[in-house]
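> Residue strings, one per chain:
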Amino acid sequence: MSVVGFSRANSLWVVNYFNSCGFMELLPWVGSGYDMERFGILPTASARHADVLVVAGYITLKGAKRVRRIYDQMPSPKYVLALGSCPMTGGMYWDSYNTVKNIEEVLPVDVWVLGCPPKPENIGHGIVMAMNAIKSGFKGH
Amino acid sequence: MLENISLNTIFSIVLIFCAPIIGGFLMGIDRKLTARMQSRMGPPIIQPFYDVIKLWGKEPFISSTLQPILAFCYFGFSLTSFALLALGQDLLLIIFTLGIADSCLIIASLNSKSPYSVLGGKRELLSIMSYEPVLLLTAISIYYVTGSFMVARIFYLSYPLISYLPLVFIALIPVLVIDLKKSPYDVSASGHAHQELVRGVFTEFSGYSLALIELGHWTKVVMMLSLVSLFWATNLIIGICLALVLFFIVLVIDNVYPRLDWKSMLKTTWSIGIILIIANIVGLIARVVMHI
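Chains as they are written, first to last, in our numbering: chain A, 186 to 326; chain B, 2 to 293.
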């Protein structure tokens with residue numbers, strides 16, 4: 186485990202893209218209940234500062250271009266965390282005419298968090314898994 | 002030649018190179034205390050170092066070739082102003098060097114097409130405009146007490162500076178709040194609430210240039226706190242405690258107050274700050290006149 190890898194894993198700055206219930210379950214992590222800052226995770230607003238893109242909820246065909254653009258603006262190494270079943274399969278919008286059914290058509294995903302919506306504990310598990318992978322040298326896509 | 006260098010000078014030089022490290026620990030304590038005040042666990046105290054190492058290892062996205070140079074200048078000039086302070090040089094020179102450091106940041110942020118960055122740069126200009134007169138008047142009031150702008154002269158006093166300049170000390174609190182980019186006057190960078198500005202002046206920086214700016218910011222914090230500690234220069238340990246108490250007060254203010262706009266920032270620093278300092282100087286003059 187290198188110093189850079191350890192620092193990288195312990196200082197994940199997150200930029201969010203969300204348009205549904207998945208983000209509501211991420212919010213407890215910002216507050217005092219779960220406190221994601223104890224792992225060094227900070228929400229950032231600028232994509233240029235971010236390490237992790239959290240995509241919560243369904244992606245519309247129009248929104249897919251925006252997500253891709255945010256992803257392209259992030260400097261590497263960058264990681265993507267997809268929350269809930271919507272980005273995975275379309276979720277309850279599986280037969281909608283304007284949603285992207287699998288987000289991997291738009292950008293590569295590193296961590297999938299299951300659930301509709303996922304519980305905060307599941308999100309924490311996903312984050313810790315990502316941290317462990319980064320500590321062992323995972324550079325993302 | 003070498004025997005002329007005193008122990009104090011060697012200590013000062015070591016201190017100059019340690020300044021960013023001390024600043025990093027201060028920022029870590031800041032984040033920990035802020036978290037405790039919000040009943041959270043908070044990150045470890047060395048968290049800011051993780052951040053900077055990570056940023057250094059990231060891919061640099063450079064939107065203008067001038068930006069990394071200016072980010073380096075920001076760090077360099079902040080370190081220079083602290084070095085001048087540690088070596089006991091001219092107070093005016095220290096304040097102007099700090100001004101140049103800030104100007105580098107502003108030029109870098111205005112040198113991009115992002116409207117958030119430009120708006121942040123303009124607001125940074127406003128925050129300099131609001132605290133620079135207070136800092137200059139502080140230097141002038143110190144001159145009035147010691148008879149010189151040299152920092153080294155403060156150490157010759159037999160009494161602490163705060164006993165003569167208590168109101169100036171209070172006037173430095175809003176300056177410290179602005180300089181640490183803390184909540185009521187966090188108009189330029191928007192550290193905690195990023196609805197309107199994204200990240201203000203820092204929006205367009207990434208990778209090592211953002212790391213350099215972080216280092217510069219830490220140095221600037223150390224520089225401002227050591228300026229405060231000069232108010233009890235007869236015993237520097239009490240001076241450092243005084244600076245840390247002020248640092249804690251700034252943190253409490255940060256957690257208590259919501260963010261205000263730039264107009265109230267200008268009003269507070271220009272009205273309360275300048276009036277307090279002028280009242281203090283007038284009081285000192287009145288004391289001398291009454292003795293005669």
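Be careful, since some hints might not be right.
[What the hints assert, rightly or not] If you anchor each label on the Cβ, the simulated ranges turn out as follows:
{"id": "1", "chain 1": "B", "residue 1": "D262", "chain 2": "A", "residue 2": "W279", "range": "30 to 40 Å"}
{"id": "2", "chain 1": "A", "residue 1": "N204", "chain 2": "B", "residue 2": "G89", "range": "55 to 65 Å"}
{"id": "3", "chain 1": "B", "residue 1": "I286", "chain 2": "A", "residue 2": "V188", "range": "50 to 60 Å"}
{"id": "4", "chain 1": "B", "residue 1": "F12", "chain 2": "A", "residue 2": "M314", "range": "45 to 55 Å"}
{"id": "5", "chain 1": "A", "residue 1": "V188", "chain 2": "B", "residue 2": "L67", "range": "23 to 33 Å"}
{"id": "6", "chain 1": "A", "residue 1": "S217", "chain 2": "B", "residue 2": "A287", "range": "46 to 56 Å"}
{"id": "7", "chain 1": "A", "residue 1": "M314", "chain 2": "B", "residue 2": "I141", "range": "54 to 64 Å"}
{"id": "8", "chain 1": "B", "residue 1": "K264", "chain 2": "A", "residue 2": "H326", "range": "25 to 35 Å"}
{"id": "9", "chain 1": "A", "residue 1": "S217", "chain 2": "B", "residue 2": "F12", "range": "52 to 62 Å"}
{"id": "10", "chain 1": "B", "residue 1": "V15", "chain 2": "A", "residue 2": "V188", "range": "21 to 31 Å"}
{"id": "11", "chain 1": "B", "residue 1": "F18", "chain 2": "A", "residue 2": "R254", "range": "33 to 43 Å"}
{"id": "12", "chain 1": "A", "residue 1": "R251", "chain 2": "B", "residue 2": "E60", "range": "13 to 23 Å"}
{"id": "13", "chain 1": "A", "residue 1": "D257", "chain 2": "B", "residue 2": "I141", "range": "17 to 27 Å"}
In short, the hints are calculated from the structure, not lab data.
We put the beta carbon where it would ideally sit given N, CA and C, even for glycine.
> In this structure, is the beta-carbon distance linking V188/A and L67/B contained in 23 to 33 Å?
holds, 31 Å
> Has the hinted range 45 to 55 Å been met by the Cβ atoms of F12/B and M314/A?
holds, 48 Å
> Within 30 to 40 Å or not, the Cβ separation of D262/B and W279/A?
violated, 47 Å
> Would you say the C-beta atoms of V15/B and V188/A sit inside 21 to 31 Å of each other?
holds, 24 Å
> Given a hinted range of 54 to 64 Å, is it respected by the beta-carbon distance of M314/A and I141/B?
holds, 59 Å
> Taking 17 to 27 Å as the hint, is the beta-carbon distance of D257/A and I141/B inside that range?
violated, 52 Å
> At the C-beta level, are F18/B and R254/A separated by a distance inside 33 to 43 Å?
The hinted range 33 to 43 Å holds for F18/B and R254/A, with Cβ atoms some 42 Å apart.
> Just to be sure I understand the hint, the distance between the Cβ atoms of R251/A and E60/B should be within 13 to 23 Å; is that true here?
Given range 13 to 23 Å: holds, Cβ gap about 21 Å.
> Tell me if the beta carbons of S217/A and F12/B are separated by a distance inside 52 to 62 Å.
violated, 42 Å
> Confirm or reject the claim that S217/A and A287/B have a C-beta distance inside 46 to 56 Å.
holds, 51 Å
> Cβ-Cβ distance between I286/B and V188/A: within 50 to 60 Å?
Between I286/B and V188/A, where Cβ atoms are some 57 Å apart, the hint holds.
> Does the hinted range 25 to 35 Å hold for K264/B and H326/A at CB?
violated, 46 Å
Against the hints set out earlier in the document, violations occur for numbers 1, 8, 9, 13.
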